[in-house]
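So the protein lines, in turn, are chains A, B, C and D.
Under the working numbering, the first residue of the first sequence is numbered 1, with each subsequent residue one higher.
Under the working numbering, the first residue of the second sequence is numbered 1, with each subsequent residue one higher.
Under the working numbering, the first residue of the third sequence is numbered 1, with each subsequent residue one higher.
Under the working numbering, the first residue of the fourth sequence is numbered 1, with each subsequent residue one higher.
The set of hints was computed from the structure by calculation and includes no laboratory data.
Just so you know, these numbers come straight off a predicted model, no measurement behind them.
Take the hints with a grain of salt, since some may be wrong.
[Claimed, not checked] Cut-off 25 Å, straight-line C-alpha distance, at most; resulting in silico cross-link-like pairs (BS3-like, lysine-lysine):
#1 K209/D / K3/A
#2 K141/C / K157/A
#3 K149/A / K85/A
#4 K104/B / K70/B
#5 K157/B / K191/D
#6 K191/D / K113/D
#7 K113/C / K191/C
#8 K140/D / K113/D
#9 K113/C / K209/C
#10 K113/C / K140/C
#11 K141/D / K113/D
#12 K157/A / K149/B
#13 K140/D / K157/B
#14 K141/D / K209/D
#15 K157/B / K113/D
#16 K140/D / K191/D
#17 K3/A / K141/D
#18 K113/D / K209/D
#19 K104/B / K85/B
#20 K104/A / K70/A
#21 K3/B / K140/C
#22 K191/D / K141/D
#23 K149/A / K104/B
#24 K85/B / K149/A
#25 K85/B / K149/B
#26 K209/A / K3/A
#27 K141/C / K191/C
#28 K141/C / K3/B
#29 K191/C / K209/C
#30 K113/C / K157/A
#31 K140/C / K157/A
#32 K191/D / K209/D
#33 K85/A / K104/A
#34 K141/C / K113/C
#35 K209/A / K70/A
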Amino acid sequence: MNKVYSSFSEAVADIPDSATLMIDGFAGPGGTSQNLIRALRDQGARDLTIISNTAGLASVIGFGTIPGQKPIDIGILVDNGQVAKVIASFPVSPSPSRPTSFEKAYQRGEIELELVPQGTLAERIRAGGAGIPAFFTPTGIGTFVTDGKEVRVFEGKEYVLESALKADYALIRGHKADTMGNLSFRGTSMNFNGVMVTAATVSIVEVDKIVNVGEIDSYRIDTPGLYVNRIVEV
Amino acid sequence: MNKVYSSFSEAVADIPDSATLMIDGFAGPGGTSQNLIRALRDQGARDLTIISNTAGLASVIGFGTIPGQKPIDIGILVDNGQVAKVIASFPVSPSPSRPTSFEKAYQRGEIELELVPQGTLAERIRAGGAGIPAFFTPTGIGTFVTDGKEVRVFEGKEYVLESALKADYALIRGHKADTMGNLSFRGTSMNFNGVMVTAATVSIVEVDKIVNVGEIDSYRIDTPGLYVNRIVEV
Amino acid sequence: MVAERLPREVIAMRVAQELQDGDVVNLGIGIPSLCSQFVPEGRTIFYHSESGVLNYGPMAEEGEEDQDLINASGQFLAPMHGMSFFDSGSAFAMIRGGHIDVTVLGALQVSRKGDLANWMIPSRGIGNVGGAMDLAVGAKKVIVSMEHIDREGNPKIVEECNFPLTCPACVDMIVTDIAVISVQREGLILKETAPGWSVEDVQAETDAKLIIAPDVGNISL
Amino acid sequence: MVAERLPREVIAMRVAQELQDGDVVNLGIGIPSLCSQFVPEGRTIFYHSESGVLNYGPMAEEGEEDQDLINASGQFLAPMHGMSFFDSGSAFAMIRGGHIDVTVLGALQVSRKGDLANWMIPSRGIGNVGGAMDLAVGAKKVIVSMEHIDREGNPKIVEECNFPLTCPACVDMIVTDIAVISVQREGLILKETAPGWSVEDVQAETDAKLIIAPDVGNISL
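Take these sequences, add in the hints, and give me the full structure.
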């Protein structure tokens, strides 16, 4: 029962072509598994479906990036021709004059996009981890979001039926992990990480530090170890 | 914006007849808002619908009770004739020879029961707090649970459609609260408390200690203050 | 037009007056993000961001930035007492579940019925939904703050949106650089105009027909 | 019958052999709750309880009981390194979401198809569902541990359950005081019998027709 991997490349080695991946983070480098993304780029798996809040933004517009730093994001997988489809809520640059790698590939017809409201994306992922195949939500009523989906009225208000999202792998950035896989996050870097880690068959987590069991206080465990399969120290 | 109440009776004073209440705890006195329950008994509101994991168990069988202690539970509301309906997963004593107040009243036809699997109960409450009116779950397929409900197949497996639960009030036991309403819980005393506090119009919380903002570390806040309306120190 | 348009800060200042003591508030990108600086004294506001934080306060000082402390606009936050963190499932449970009192959002178009369009300029063919649809449907009060007309001079307050919708019939109030408008069942009620702007001036820059409030007056701060 | 029935501890011991290194395990009330004491050395098991805890260990010593540290049976837990706490929404997300490797449950009846009935004795007219339906449907492996016959001598392993079901076709394995039975597509495979019990003896106490495994042997620990 060893969850500790010694390198990022070893941790992502078995990801096959056509895998579905959840990749974490809100948009900036905080909470984004930059080392695992780079290892996946080097590993080369292709035709990937990526579920993520953005489709790579920080490297182009510097979102959430401390001045002078160069963040890595999904853009390097797009540039490397590894991505077939993206499921995201914020897929393009807010500034049309500074398009992301994803937008350019999308406009060339090379990548498919499923655009999902952010809260629905989070809830679909949470549902995937929680054994809920589908749920009704008010978000997106009266918009493109309901296209092809069931709409039903509850207590006089319309809701749309959304389905769970699961993945073969999740790439997750944490702050600390113990050898049992218990995780703690820092600040606003647990947003998509906290739900994605529950919804993948194999969750791979990079952390600042791997510690012994007991060195993360029980009350500082944000993600219990049963959700974590592989851990690598940055 | 004062959330701090000086007495339990003041905190429950406006609960009207026929209100729907969520009452917290797993089954034992840990995590059960015993002081608020007693205040509600004294206050006397009638025809209540109570959503809770049990229908009052600890006072009869001593579940989770430290030897020598006398726990208070929903049983005192049942005994006082205040309860019209219970929605619960574990409504009766495991031992038929030691029936609870609820079971006796139920057998006399005085109280209605909606029996719900525990995970479905938790998820229905979470849905109520999260703006999800209904969701599909595999729990209860092939049992009485599906009676009168929609069953649908997703990827070859059957699921039943369950609806959200909300309440007018929630009675909640926490460990600490700051004056902003941020809460921390101890150990296994956040189970139903953590979801119920999100699903009531008015959440009333009794805590061991009310502290100033900042005295609960950011990472020890289990329930952000936006879910908490009233706080009383035990 | 001769009269000046209100600067972004003044729009934010006017919006800030709407925030009440104890409100949980989510501020969108752009003008909305400025509002927190101008809340009248004595009111405690709890700021929520879908990046997973409640009760954030001022931005971080230069040199103190922490990439693990950001709001949904990517701004760096200073640590603050009573601040709490949570995952996106919980962040949007708060929004969709009706626990946010006020959201302030930017817009591309708002219709007479309060329809909101703010996620895609059709000519681009692609856009970012982000958290806007959830906020628009979930917050108890939706305030739009924006320039009254777009860069080409087209009215943004329209009879019917022709941009893709974010949410139908969700906007409660519009605060622009020339007017304050309340969205009611009967239509758009012009409540305040910027100094030097007549109701006719405002109507001239508005596609939708405005109803003039009996007590219409100047925007005051 | 002359041969002795296995005591509860031995049933638990046999079940414990099924728990593999790294398994996340949820133990029900009764015999199941005894299993953790008998896990073979060198295997790390993570115990989950729907009271909202993962990785609990031994029970609290007398005088050290803490009412805020209980498992779903109401037993007091000792604090332990790596223990984590969560709400019921999360506790059952783990169960329903397929993150529990093994659950060990008691039963009133198990049918030939692996249907489980464990929540209500019909004559009482009311019962406790608790977390059993969620565990039965959500855990990757469902082991039933129970006495082979009830107090009145009626078989509990039956052709068809006549007690209300907890979950159809969910049981993978049955460990009783006289037998170990594997539930397969083709039916109930008798794998092991208690010392002194022949396959015929076991069949005589079983309503459902058993298939005898070619390598059927004695329960060994």
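So, going through the hints one by one against the coordinates:
no.: 1; hint: K209/D / K3/A; in the structure: violated, 44 Å
no.: 2; hint: K141/C / K157/A; in the structure: holds, 17 Å
no.: 3; hint: K149/A / K85/A; in the structure: holds, 20 Å
no.: 4; hint: K104/B / K70/B; in the structure: holds, 20 Å
no.: 5; hint: K157/B / K191/D; in the structure: violated, 30 Å
no.: 6; hint: K191/D / K113/D; in the structure: holds, 16 Å
no.: 7; hint: K113/C / K191/C; in the structure: holds, 16 Å
no.: 8; hint: K140/D / K113/D; in the structure: holds, 17 Å
no.: 9; hint: K113/C / K209/C; in the structure: holds, 11 Å
no.: 10; hint: K113/C / K140/C; in the structure: holds, 17 Å
no.: 11; hint: K141/D / K113/D; in the structure: holds, 15 Å
no.: 12; hint: K157/A / K149/B; in the structure: holds, 20 Å
no.: 13; hint: K140/D / K157/B; in the structure: holds, 15 Å
no.: 14; hint: K141/D / K209/D; in the structure: holds, 23 Å
no.: 15; hint: K157/B / K113/D; in the structure: holds, 17 Å
no.: 16; hint: K140/D / K191/D; in the structure: holds, 21 Å
no.: 17; hint: K3/A / K141/D; in the structure: holds, 22 Å
no.: 18; hint: K113/D / K209/D; in the structure: holds, 11 Å
no.: 19; hint: K104/B / K85/B; in the structure: holds, 14 Å
no.: 20; hint: K104/A / K70/A; in the structure: holds, 20 Å
no.: 21; hint: K3/B / K140/C; in the structure: holds, 20 Å
no.: 22; hint: K191/D / K141/D; in the structure: holds, 17 Å
no.: 23; hint: K149/A / K104/B; in the structure: violated, 47 Å
no.: 24; hint: K85/B / K149/A; in the structure: violated, 36 Å
no.: 25; hint: K85/B / K149/B; in the structure: holds, 20 Å
no.: 26; hint: K209/A / K3/A; in the structure: holds, 14 Å
no.: 27; hint: K141/C / K191/C; in the structure: holds, 17 Å
no.: 28; hint: K141/C / K3/B; in the structure: holds, 22 Å
no.: 29; hint: K191/C / K209/C; in the structure: holds, 14 Å
no.: 30; hint: K113/C / K157/A; in the structure: holds, 17 Å
no.: 31; hint: K140/C / K157/A; in the structure: holds, 15 Å
no.: 32; hint: K191/D / K209/D; in the structure: holds, 14 Å
no.: 33; hint: K85/A / K104/A; in the structure: holds, 14 Å
no.: 34; hint: K141/C / K113/C; in the structure: holds, 15 Å
no.: 35; hint: K209/A / K70/A; in the structure: holds, 22 Å
Of the numbered hints stated above, those contradicted by the structure are hints 1, 5, 23 and 24, listed in ascending order.
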